[in-house]
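S.K.: Given the coordinates of chain G, assemble chain A onto it according to the supplied hints.
There are 2 protein chains.
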Amino acid sequence: MNRVLYDLAGANPDFRFSPYCWRARLALAHKGLAVQTVPWRFKEKDKLAFSGQGRVPVLVDGDNVVADSWRIAVYLEDAYPDAPALFAGPQARSLARFVNGWADSVQLAGLSRLVLADIPAALHADDLSYFQTSREQRFGMPLAAICADREQRVESFRASLFPLRQALADQPFLCGHAPAYADYIAFGGFQWARCVSDFPVLAHDDIIAQWLERMLEAAGPAARGMPALRCA
Amino acid sequence: MNRVLYDLAGANPDFRFSPYCWRARLALAHKGLAVQTVPWRFKEKDKLAFSGQGRVPVLVDGDNVVADSWRIAVYLEDAYPDAPALFAGPQARSLARFVNGWADSVQLAGLSRLVLADIPAALHADDLSYFQTSREQRFGMPLAAICADREQRVESFRASLFPLRQALADQPFLCGHAPAYADYIAFGGFQWARCVSDFPVLAHDDIIAQWLERMLEAAGPAARGMPALRCA
Chain G
1 MNRVLYDLAG ANPDFRFSPY CWRARLALAH KGLAVQTVPW RFKEKDKLAF SGQGRVPVLV
61 DGDNVVADSW RIAVYLEDAY PDAPALFAGP QARSLARFVN GWADSVQLAG LSRLVLADIP
121 AALHADDLSY FQTSREQRFG MPLAAICADR EQRVESFRAS LFPLRQALAD QPFLCGHAPA
181 YADYIAFGGF QWARCVSDFP VLAHDDIIAQ WLERMLEAAG PAARGMPALR CA
Chain A
1001 MNRVLYDLAG ANPDFRFSPY CWRARLALAH KGLAVQTVPW RFKEKDKLAF SGQGRVPVLV
1061 DGDNVVADSW RIAVYLEDAY PDAPALFAGP QARSLARFVN GWADSVQLAG LSRLVLADIP
1121 AALHADDLSY FQTSREQRFG MPLAAICADR EQRVESFRAS LFPLRQALAD QPFLCGHAPA
1181 YADYIAFGGF QWARCVSDFP VLAHDDIIAQ WLERMLEAAG PAARGMPALR CA
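Residue numbers (this note's numbering), protein chains in the order written: chain G, 1 to 232; chain A, 1001 to 1232.
No wet-lab data here; the hints were simulated from the structure.
It is possible that some hints are incorrect.
To spell it out: a stretch of chain G is covered by chain A in this simulated footprint if at least three of its residues, at any positions, have a beta carbon under 8 angstroms from a beta carbon of chain A; those stretches are [claimed, not checked]:
no. : stretch
1   : 77-89
2   : 94-103
What follows is a set of in silico ranges between Cβ atoms, one per label pair, in the way DEER data are often shown [as the list claims (entries may be wrong)]:
no. : chain 1 : residue 1 : chain 2 : residue 2 : range
3   : A       : Asp-1198  : G       : Val-38    : 47 to 57 angstroms
4   : G       : Ala-148   : A       : Asp-1126  : 45 to 55 angstroms
5   : G       : Tyr-80    : A       : Phe-1050  : 47 to 57 angstroms
6   : G       : Ser-129   : A       : Gln-1210  : 39 to 49 angstroms
7   : A       : Ala-1109  : G       : Ala-169   : 17 to 27 angstroms
8   : G       : Ala-209   : A       : Ala-1049  : 32 to 42 angstroms
9   : A       : Ala-1203  : G       : Ala-145   : 24 to 34 angstroms
Residues from chain G that keep clear of chain A, each with C-beta distances beyond 10 angstroms, as calculated [to be verified]:
no. : residue
10  : Asn-64
11  : Thr-133
12  : Glu-136
Being a predicted model, the structure only gives us computed values, none of them experimental.
Think of the CB as a built atom: it goes at the ideal place given N, C-alpha and C, for glycine as much as any other residue.
Excised from the complex, chain G in its bound form:
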């Protein structure tokens, strides 16, 4: 096999928690494309030098190197047009790009304030200092402070999910009767949160929680069992 995905790992190399890498792995699975995943850690920037940048996911597909989860999805759709579609045509792709922007700016930003402080417990010792320094710089506060008020903050986070909740009110998946790439975008964030933290980001009776169950069912037992690998 000459298809490789560089995939963020914790202390346990089988613990894969990046929301962006979940998007990429589910996109590959949707396309029915086998892939060898390579566990990668934050400090191993040198191992990604060939991609011209320093973040995962990075897909190496034969001679093609593609970084960034959105670019990987678009690449897969265009390179494998006969495999099951990630986007039902150009307009759906455009609107999935909108969902991607919402997930990055609203969902992941909101989830960060709920679970980020739980991540160090799952990281490799070599990554701890980098993770703490980079996140404290990004948020402008100590790591513990980022999630200090999460019990209060969770309500406004749940309210911010209104667009997803409204879309799921009429149908089982964001993309309709079956999941496609926009579902994987939103799933990535919630899967990241449940992998790294026990904090209940969703209310039990939220229809988004019911959709998440359907998504875990569709993604298979490895996805559901991932939190168990949190500790090395």
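M.R.: Chain A alone, transformed into the frame defined by chain G:
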């Protein structure tokens, strides 16, 4: 013609500013369907009693009565499948529903804090008291206070438009090469703001402002000239 749209009007009956009614009128125009619009004011709930609720837009299409902009769009798409499509298939419709939820909860909520206090100047005298009371109840503060800090608030509003900005970075319209219903959803909000207020909700160099120009061009001179009808 037996197709009628009840459409929110100001003191000047030709001044039409509702974001939801703009969505509906552009959807009708996209489908190439002629319609007689009926100017309606907030206090005229009795004139909508036949629709079983009290808000516009309400479409009467022969024997069919449809209220709510989203339901009108879906009705038109299903009732006129041979006319130009508002949604490029079921998945695009699902994702447009997500955009609709975002527009209602993020875009319109944010714009309200920037322009709502400017609306009474355009309203019919009969509507003034209803408008003030209902909005003060909704926001829990005096009308003037809702927009009092808009100079400070506008930056976070503009930041909240990230998903739209990102989607427009790669293509001229949210739906791709040409506008479709998701564009009309987002246009409705900005058109509402520019109809009722001179406050600059978008920075001049924002690519969203450039998209808004393209949308005004596509919507025709009546859309561009609407703010001139603000005063009776």
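S.K.: Give a verdict on every hint.
M.R.: Results of checking the hints against the structure:
no., hint, in the structure
1, 77-89, "holds (count 3)"
2, 94-103, "holds (count 9)"
3, Asp-1198/A x Val-38/G: 47 to 57 angstroms, "56 angstroms, holds"
4, Ala-148/G x Asp-1126/A: 45 to 55 angstroms, "51 angstroms, holds"
5, Tyr-80/G x Phe-1050/A: 47 to 57 angstroms, "53 angstroms, holds"
6, Ser-129/G x Gln-1210/A: 39 to 49 angstroms, "44 angstroms, holds"
7, Ala-1109/A x Ala-169/G: 17 to 27 angstroms, "19 angstroms, holds"
8, Ala-209/G x Ala-1049/A: 32 to 42 angstroms, "39 angstroms, holds"
9, Ala-1203/A x Ala-145/G: 24 to 34 angstroms, "31 angstroms, holds"
10, Asn-64, "20 angstroms, holds"
11, Thr-133, "25 angstroms, holds"
12, Glu-136, "21 angstroms, holds"
Checked against the numbered hints given earlier, this structure breaks none of them.
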